[in-house]
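S.K.: Combine the two chains into a complex, taking the hints into account.
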Amino acid sequence: MELDLWAQLPSVLPEVGVTALAILVLFVDLYGSAGARRSLPSIAAFGMALLALVPLVWQPDPALYTSDAQLWGGMVQYDPLSQIFKVMLLLAGAVTCLMAAGDKGVGDKGEFYLIVIIATLGGLLMSSASDLILVFVALETLSIPLYMLASFRRGDLRSAEGGMKYFLYGAFASAIMLFGFSLLYGFTGSTNLAGIAAALGGGVNDSIIAIMAALVMVIVGFGFKISAVPFHFWTPDVYEGAPTPVTAFVSVSSKAASFVLLVRFLTAVFPVDLVIGGVIMQDFWVNLLIVVSIISMTLGNVVALRQSNIKRLLAYSSIAQAGYTLIGVVALQGADDSLAVASVSFYMFMYIFTNLLVFGGLILFIAATDSEEISDLAGLNRRSPWLALFITIGLLSLGGIPPAAGFFGKFFLFQAAVHANLIGLALIAVTNAIIALYYYLVVIKVMYVDVGADDDVPIGIPRAYGWSLGITAVVVLLLGTIAVTPIYNWAGLGAAGL
Amino acid sequence: MEATGFSILTAIIFIPIIAGVVILFLDRKNRDLVRGIGVTAAAAVLALSLAVYFGYDNFVKAEGGLIDRQQALLEAGGELSGAQMFADALAFEQRIVWVQSLGIAYHVGVDGVSAPMVLLTGMVAVAGVLISWNIQDRLREFMAFFMFLVAGVYGVFIAVDLFLLFFFYELAIFPMYLLIAGWGWVKLREYAAMKLTLYILVGSVFALVGAVAMYFAAGAFFTGAGAEVFQAAVANGILPPDSGAYSWSILQFTLAAEHGAFAFDILGIEGLSFARFWFPFMFMGFGVLAGIFPFHNWSPDGHVAAPTAVSMIHAGVLMKVGAFAALRAGMQLLPDGAETHLPWMVFLTLINVVYGALIAFRQRDFKYVIGFSSVSHMGLVSMGWATMNLTGMTGAGLQMFSHGAMTALFFGVVGMVYDRAHTRDIPSLGGFMKVMPWVGVAFVIGGLTSMGMPGLSGFIAEFPIFQGMWAASEQITLQFGAFQLSNYYSVIVILSALGIVITAAYVLRVAGQVFFGEFDAERFHDVGNIQMTDRIVLILLGAPLIIIGIYPPIMAPMIESGIRPLIALLGGG
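First to last, the sequence lines map onto chains L and C. Reminder that position 453 of the first sequence reads as 453 in this note's numbering, one-by-one numbering, no gaps. If you want this note's numbering, it's the position in the second sequence, counting the first as 1, plus 498.
The hints are simulated quantities; they were obtained by calculation from the structure and are not laboratory data. Careful: at least some of the hints might be erroneous.
Each computed PhoX-like pair below joins lysine-lysine, with the alpha-carbon atoms no more than 25 Å apart [stated by the list, open to error]:
1) C:527 <-> L:445
2) L:445 <-> C:685
3) C:693 <-> L:445
4) L:104 <-> L:165
5) L:109 <-> L:165
Please read all numbers here as calculations on a predicted model, not as lab measurements.
The shape of chain C in the complex, shown without the other chains (with noise of 0.2 Å):
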């Protein structure tokens, strides 16, 4: 695609942050004012944000398009570079070369991963804002920092060089934290605050010293034995003209990976390539912002401290965030270290999925048990990237956009609740159908998605998971001693689905305690029906979870289209 020229997604990362700065210059009392910008920049960026997706549904879909193009190469036949069929999916692009001298662009684009995730990222945003109107303190500083925060998991998606992709990725924690530690709940705030902080950044910047390293690789890589291919993929289009054998081009990284630039043995082992050595700083690095265990430890406790709409970015969008990251500068970049230690990390993503759903059935407050929820439903993420396949790898990237929105409706649910009920311990909760009508129904809605309910979005993703899960026994071998580990992947499919069953169990449990059963009139007298602003968030968020699940291909086929790239790079059909 062509790199020149505007591209919306610029618009999407400076309108908020514009917003932000302005929202922070206004004068404090005028609380209409904030609101205002605060939701047209919103609703702009979301607006934007539709209309890159659907830009990109077509660009996938159209006569000719990605998919024809895919479909075309694999009836060619031969050798699939992973690194051209990436550079072919991008769409959107912009390019303005930052540090000409160390390769560093503000390179912008989406592919099929990333433009579901663009898209929920607007709904999160604009649900956010809504959620927040009636915020009493400070309301001016909370709509800054959201912007701003909003900006920078936008910049993670949209990243097309490994740098900015960082930059973004510091950018979105500062916002984050002092969102929590002003807004959140008084009891936990601080301390969650603080420590979901230090997670994610020791995770980070550990991968940051790999990405150095993969920086000083592929440059060495490109300057010598790959000089050849250097010059033949920018004669073909694959790397922009201007090009430096070191950059930070995630095309280019992925160029290097693929011609095995990262294949030298390191530290003087036989066997230990930078690559596989590498693999787990990258990969892990990010995954801990996706909660894979054993560093899930932040999550919970820093969902249940944040306010509501910062509970629901981060659930909802920040977690895909590290999934994305993990997934991009992970296993796109280090394809050889990921079939090293993704058979492995397989088993972690199952401690997650029935771990996860096991504590989410012990809590009695309402917001730990979507705490925990998430960390269980994200685990199929990273399985599903474990699998390696197209079939599970796709269920992934679809179940990153469904538990998002679901997760974002569930918080939503949570703090209407507890901002009428005042307490979130769910046995004293009770009968709040009757007077919460839309509420009880939205929680419905998640509870059923997230249990797989078939016509509604989870069902599409995570099935999908399990029969990828199924069928890698047969494509991935993992040896441990005399086991034949990777025969009992059909166990993995057996536990987690059982850990859906779990899964289930805590969806009826809150449901019925809280949304059915006797309703105490004395003590929640003044709880109300919801206002016009909360309609508009459950809306936004439940709708979608309806329309993927009756209606896959609104997605699905573009998200598959993205993850064939990767497919090609793992080196498996």
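So that you can see chain L by itself, here it is in the shape it has in the complex (with noise of 0.2 Å):
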């Protein structure tokens, strides 16, 4: 295939972007002044969000949808489910660095924004990888940055215990996931996802259980991202353990990326009409997911009601939130998958924005009183009305309460859900966020009734953080009401790729 580097550069120009920026950062963290240093956050916040508007330029050409029209040798797939990830992970990233930029120890350092653009490089790369090579080079040069980040705070011994048992387990993880890889690759002869499909479609000679377990390895890998149920163990440390702005970056960018690397590696290698040895291969991985989905949900939710430390609550939120998500995923099966592709899609880009929320509001009062207790939560309303209103407004976002966008978010899962038939996992799923919504206004309700002991210290919020936490609110409000439109049918274009 001949290589037209104009027609083909714009799928990775925010790839090359951000590379770009890295090097950038590098240098100016090396031989810049002290006060090109104190801009760092800012540089590297407004380059992410400028590389953002990026994707939104160049739009794909429908005709590159296809998977015949793989682009850089078949490595990468030019669609707008890539875009609309793209545009998410980036963003994320910005305000990651905004929101660390007063943390002690953490935004201090310029080595940290090196490491944040490096690891949305490597979710940019997921969100569009077509070939298992890329997919795996993709997938850790996120979850390096990203074991990294977790144990920044070298002189603590929890960053450190953190970081350790996210690598123990990450690196256990992906050495399982490259096995079903390998394993893929000995069945059809290609690495290339839609060449595995095509191989696979053309009847294959091996046993039907081991092209099962190949994909329940895989399965395997993604439910560590995403911190799904039985693969969570790692969740409530590293939350715990990792400087609140990191932990809010691992929150969001790995579950994002991954999503979305799930999504486009079950519809592309395990189609709907694909059937080995007399068994439906999509009845297999759904009914599989369903299940990983209903344990996560359960589990994160009833745990999270047990918990003391609002990191380690929100860290088994997470994992509840994935539960959700595999809904849509789950979803998937059917002719028509659109809705379940815009449901995922805008349940992520919501899910990114309020759970920064959340965690930047968390940053300011963690830095303030050094303290991680719900209890000590008491009075937040008292101390700082604007920290305590913008933490409820992500709370309930996550717990799904009108307006603030969960509850679109939400909603389109369910619809998805019973679109595809799945009435009972859609009850589930319903009674799962009561359960959520339970803790969520308990935490609200600290902040706003119970009296604390230093009720009368107030909690300052410095200006440019102000903004940004005001304006990832405002975001999240919008996406809740005027802006559900736009971005909703955005994410269904999404499908048109698949």
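M.R.: Printed below as a string of structure tokens:
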């Protein structure tokens, strides 16, 4: 295949830009003046925010959506799904950089921004990868920086423990996933997703059990990244141990990038019409993921009820959120999957902003009080009404209460589930949503109702920080009201490339 | 009606929201400004609500108005189209497409059932702000959340889009939680607030799943077998021209229901139609908020734990939100299911009426008496819906308004007594008529209303419910084995009437012990008469009870016009 560089460049333009940004940040950090180094957070944040416009400006041509038109030697797919996730990931990186700016021991080190940018690069590659080789490289480009970030406070035992745990589990999960990839390559002789699908569809001689095993291994790898049960064990410790800005970043970027890849992998390699040895492969993974989804939601929510540390609570809540999002993935079954794809994309889009908002608020709170206990949030409303309001909007969105974005997010997921005739799953999910609301409401109640020991000590919000939190909060509210239509429609386009 | 252009209803929703946001950002020490903005916003929405109510009244009664048109239809005979009648009954409409691809629109409007509810909400909003005048603790937050609550409640009453209805329904829950948990009665508030929130949410989310299922069923119908019905409806102007087959519009669901879109069997069980399966989820899901037995348990605790203003809006308006949504999203959209299930659900409503009254009779706590009396009276509303005839359902619509104003008045009275006496223990109170004559008179008026005294609105509402129930035994057949259960509806009427007698007993007991009898001048030495704002509250809520009692045509024909489309849908005359 002839490589037409100019025609294919837009498909990786954000990645190229992010790499350039990483180099710029590296040089400023090494050779820049003190003043220039102080503006590193802004350089990183505005750089990524500007790059988030790139996927919007260079919209892919519908002719390139199909897997036949894979670019860069079949490595990259250039379709709306990848574009929407690229925008999300870049914005997530940008907001993280802004929020980390004031954090002692984290935001004052230039390498933090470099690592966040590299991790974002990995996420970008994941959202458009269409070859197992690139999938793995991208996954590691995202993961290894995250391990480093988790243990970023080297002096802090919990941070070191969190990082180590994350690394060991992560390496293990990667190895299993890689084993799954190698099996798939062995069966089909191709590393390209479309190539694998074609080979599997053309009939394979290998045992169905082996192919299922390969699929399960790949799902294990993804399950780890999205922190679904039973691969969730690292989540609470890493969330608790990592510096809060890092927790915020880990909770959104790795999850969003893994979900887009999971959707792409499952629909490309095991499409609806693939039958091997009399077994409809789609039924197999759908049923598997239904089970994973149900236990993730239920276990995450039930265990979250018992938490007294806010970061651990959010860790379990994020396990449950992974369970909800899997509903959208499961709903991919059937001929018309646009509702499901749109629901997953929209959910991740709103989840990124919501989680960043909650964690962004908590960064200030934890910095001011040096405590992560929920009971110490008491009276936050009197200490800093704005901070309490921001965290409340975030929690309401996680709980799915209008006018925050989470209401539409959950609604779209349930709708996709009902459309795919998974009414039982939808009923379990709504029951879970109520359990979840219980612990979110308790946190809100503590902030607004309970009386704390230092009620009269105000917590100040630095101006730049206030702006970034405020904008995030407004985005969450807009996504729940008037901005629903454009984002949802855009998310719906994502199905076109699958 | 023309659905474009600006509607007063939009202003009614957004004034409290904007006021709430503004209040939230005021200086917390500037209490006068907080109260000023709160009362101005509430008064503005009350004024607009009055405009909507009387505007709609005119729309109904004018020459060639709704009543004339409905009369002409009835005289013409033939098959009546409920969907068409409902579309015809809507006024003050405004429609803005929200999510085009899913058929979600911001579509608001009022009909004969919701217009009185809009007025009621405005009244209780003003009363709630006034009675919270002297709250010391975080008045700013209280007022802001109260405004959000009011906006959410309004939204449910005026939504003509099912998604919008859910949106506002959920929107109302969160401020209510915080108001009760933050400002309620210390002993009970956290428990009661959480219990209430979870009960209501459980109901609503199951209803939401049902609604999503209806959305797909209706959409499949309009793209398949019902395509012609759909095109005809768009051509006739029942549906807006930019409607898609898949839509959340209540109009469109109604049309689908009328043409049998929900009649197919599901789960492979013969006779278990879609409508029959989902109706209990939809009706009971919202019925939770109306306190239907056995899901009433949140209600007394919630009322008692809430601060006075929230008790007023909660018992006065929110329980009506539940009953209203059960009617709109349950009965109107799944009439086949209603015909199957309501005949036996009547018995649940009977338990509400009698059991609620009996428990109210046994309470020592003044506020619990009122809390359980609400359970009892809301049972009458559900019973009225379950009659499925014009008389009974019109009575239920009147009861919604009458009970709303009456119970808000009661909770206002309780709050005024408690604020000054610092106890709600009935036996230790006494003789308050001497020091608080206004409050005593208000309680007596409310009490007489609740026991259905002619000349007050309670009679106008409750009598038709019983009448309708009696008539229902001839219209409804409910077989249980060899028993023809529907023959015993007259027994229900008699038993519920006994419930009213019990009501009279507890009302008189409370009135006797609290307002008459010996006044303990030593203990209650600082109890004085009430202030101006409290008097306005009592007049505002008490006057409609008398006005409607004396002159029912001010409301009854309007509600009747709102019920007629439902009767047509339910296939009755």
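S.K.: Hint by hint, which ones does the structure fall short of?
M.R.: none
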